[in-house]
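Could you fit the two chains together into a complex? Lean on the hints.
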Amino acid sequence: DSGVTQTPKHLITATGQRVTLRCSPRSGDLSVYWYQQSLDQGLQFLIQYYNGEERAKGNILERFSAQQFPDLHSELNLSSLELGDSALYFCASSAWGPQETQYFGPGTRLLVL
Amino acid sequence: AQKVTQAQTEISVVEKEDVTLDCVYETRDTTYYLFWYKQPPSGELVFLIRRNSFDEQNEISGRYSWNFQKSTSSFNFTITASQVVDSAVYFCALSEFQGTSGSRLTFGEGTQLTVNP
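Quick mapping for you: the protein sequence lines, in order, are chains A and B. Quick note on numbering: this note's numbering labels position 15 of the first sequence as 1300, and the sequence is numbered without any gaps. Quick note on numbering: this note's numbering labels position 104 of the second sequence as 87, and the sequence is numbered without any gaps.
Since the hints were made in silico from the structure, they are not lab data. All residues carry an ideal CB built from backbone N, CA and C; glycine is no exception. Among the hints, a few may not be true.
Restraint ranges, calculated between C-beta atoms of paired labels, are given here [what the hints assert, rightly or not]:
id: 1; chain 1: A; residue 1: 1355; chain 2: B; residue 2: -2; range: 46 to 56 Å
id: 2; chain 1: A; residue 1: 1301; chain 2: B; residue 2: 63; range: 49 to 59 Å
id: 3; chain 1: A; residue 1: 1350; chain 2: B; residue 2: 61; range: 33 to 43 Å
id: 4; chain 1: A; residue 1: 1364; chain 2: B; residue 2: 41; range: 39 to 49 Å
id: 5; chain 1: B; residue 1: 12; chain 2: A; residue 2: 1362; range: 37 to 47 Å
id: 6; chain 1: B; residue 1: 24; chain 2: A; residue 2: 1358; range: 27 to 37 Å
id: 7; chain 1: B; residue 1: 39; chain 2: A; residue 2: 1386; range: 16 to 26 Å
id: 8; chain 1: B; residue 1: 82; chain 2: A; residue 2: 1364; range: 19 to 29 Å
id: 9; chain 1: A; residue 1: 1348; chain 2: B; residue 2: -2; range: 38 to 48 Å
Far from chain B, some chain A residues (derived; all Cβ distances over 10 Å) [stated by the list, open to error]:
id: 10; residue: 1305
id: 11; residue: 1346
id: 12; residue: 1355
id: 13; residue: 1356
id: 14; residue: 1360
id: 15; residue: 1364
id: 16; residue: 1398
So that you can see chain B by itself, here it is in the shape it has in the complex (with noise of 0.2 Å):
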């Protein structure tokens, strides 16, 4: 069975800190995908990005970059110079292929990032 695993439970950090949030994964498939979403107070999951497992080059999208290490089988997600408004949790998930078609995301526990002004 697939299995995600955020270590971080909480982390408080005080703004324009960099911080980074760790993710391990365990699947014995070749082919997967690895997804980062936030989950702010209101509650909503909010995408953030896709990697799929042939595609180790890291990116960077403004404050937020991610780096993806198949030999460890990690994808870390690092937020620089963090603002308030990143407060949130952040979940990590890994796509299991089911079938034809057939999809469903294995999610880590989550990491609850406070950003204190």
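So that you can see chain A by itself, here it is in the shape it has in the complex (with noise of 0.2 Å):
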């Protein structure tokens, strides 16, 4: 068990629709990591949060936002969802800087059709 948190496990949507995906970290980590891993694309950065600020982007669509609260944990909303969308999302977190290992959740299974 890493020690960090996603919910849900499982989820089934239909197209067009908007789903959030919620992500909690270990305990002191301060940044937020989300991957997206796909047959086709592989495993893919997304968006990264430190203690509430964006620090970097990855090729995150523009149906895609995420944010950071102020307990950090982090949440990923996918907006006017489309069949290309179904992947598995993966949370990471490490303790703050670059150099740090990021830990990853058990992964949020999205399933478009």
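Laid out in structure tokens, this is it:
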């Protein structure tokens, strides 16, 4: 157990819908990262927050947004869902700096029908 | 841009065989960190090791060992006396710094290791 929690574990929804994925980092970690794992794209970095502020951004779609709250948990919002958004979404956390190890949560498996 | 290549898509071995997973990386940074993660069939990503660019000393942890060679930009992972429980996808990753406190991991494509009894 990495100490990172993600809810829900599974999510099935329809195209055009909006969903919210939630992540709680390890105790004491200030950075939260979101990654998407799909068969065609592999593991791709989406976005990073550090102590409530966005610090790094990957190829995150405009339909996707994220935030980190004062209690350091984070949410990833996916809207206008398309079939191609079906993937495993991971949250990771690290202590603070870029040299720290990222510990991953169990992931949320999203299926868009 | 940074890049990680794991040329071996799939490897199949028989239990107790030794197996080496290859990882080659590209970066312009002088300071960087390399990682290996394991993804068992259950799907979670499990951290195995972190190595910084200034430490080329090889590391051994039980049946696992890692060989970091800066001259060839490689960070290979060897499992000695493989076991069925080692069956998983293994990812090599490279950290990329982005500004103050910003970072991201660039992952390789992963190597599916199957250990047969």
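Verification of the supplied hints:
1. Taken as a hint, the range 46 to 56 Å holds for the pair residue 1355 of chain A and residue -2 of chain B, whose Cβ atoms sit roughly 50 Å apart.
2. For the pair residue 1301 of chain A and residue 63 of chain B, the beta carbons lie near 51 Å from each other, so the given range of 49 to 59 Å is met.
3. Between residue 1350 of chain A and residue 61 of chain B the CB atoms are about 42 Å apart, so this pair conforms to the stated range of 33 to 43 Å.
4. A hinted range of 39 to 49 Å holds for the C-beta pair residue 1364 of chain A and residue 41 of chain B, which are about 47 Å apart.
5. With their beta carbons about 32 Å apart, residue 12 of chain B and residue 1362 of chain A fall outside the hinted range of 37 to 47 Å.
6. The hint said 27 to 37 Å for the Cβ distance between residue 24 of chain B and residue 1358 of chain A, and at roughly 28 Å that hint holds.
7. For residue 39 of chain B paired with residue 1386 of chain A, a C-beta distance near 19 Å keeps the hint of 16 to 26 Å intact.
8. At roughly 27 Å, the beta-carbon separation of residue 82 of chain B and residue 1364 of chain A lies within the given 19 to 29 Å, and the hint holds.
9. A hinted range of 38 to 48 Å holds for the C-beta pair residue 1348 of chain A and residue -2 of chain B, which are about 46 Å apart.
10. With a cut of 10 Å on Cβ distances, residue 1305 of chain A stays outside the contact zone with chain B, its closest approach being about 20 Å.
11. Once the 10 Å rule is applied to beta carbons, residue 1346 of chain A is consistent with being away from chain B; the minimum gap is 16 Å.
12. The Cβ of residue 1355 of chain A lies farther than 10 Å from every Cβ of chain B, with a closest approach of about 17 Å, so its non-interface assignment holds.
13. Here residue 1356 of chain A stays apart from chain B, with its beta-carbon at least about 19 Å from theirs, past the 10 Å limit.
14. Distance check for residue 1360 of chain A against chain B: the nearest CB is about 19 Å away, which clears 10 Å, and the non-interface claim stands.
15. Remark: the non-interface label on residue 1364 of chain A is consistent with the geometry, its nearest Cβ contact in chain B lying 23 Å away (cut-off 10 Å).
16. Every CB of chain B is more than 10 Å from the CB of residue 1398 of chain A (nearest about 20 Å), matching its label as outside the interface.
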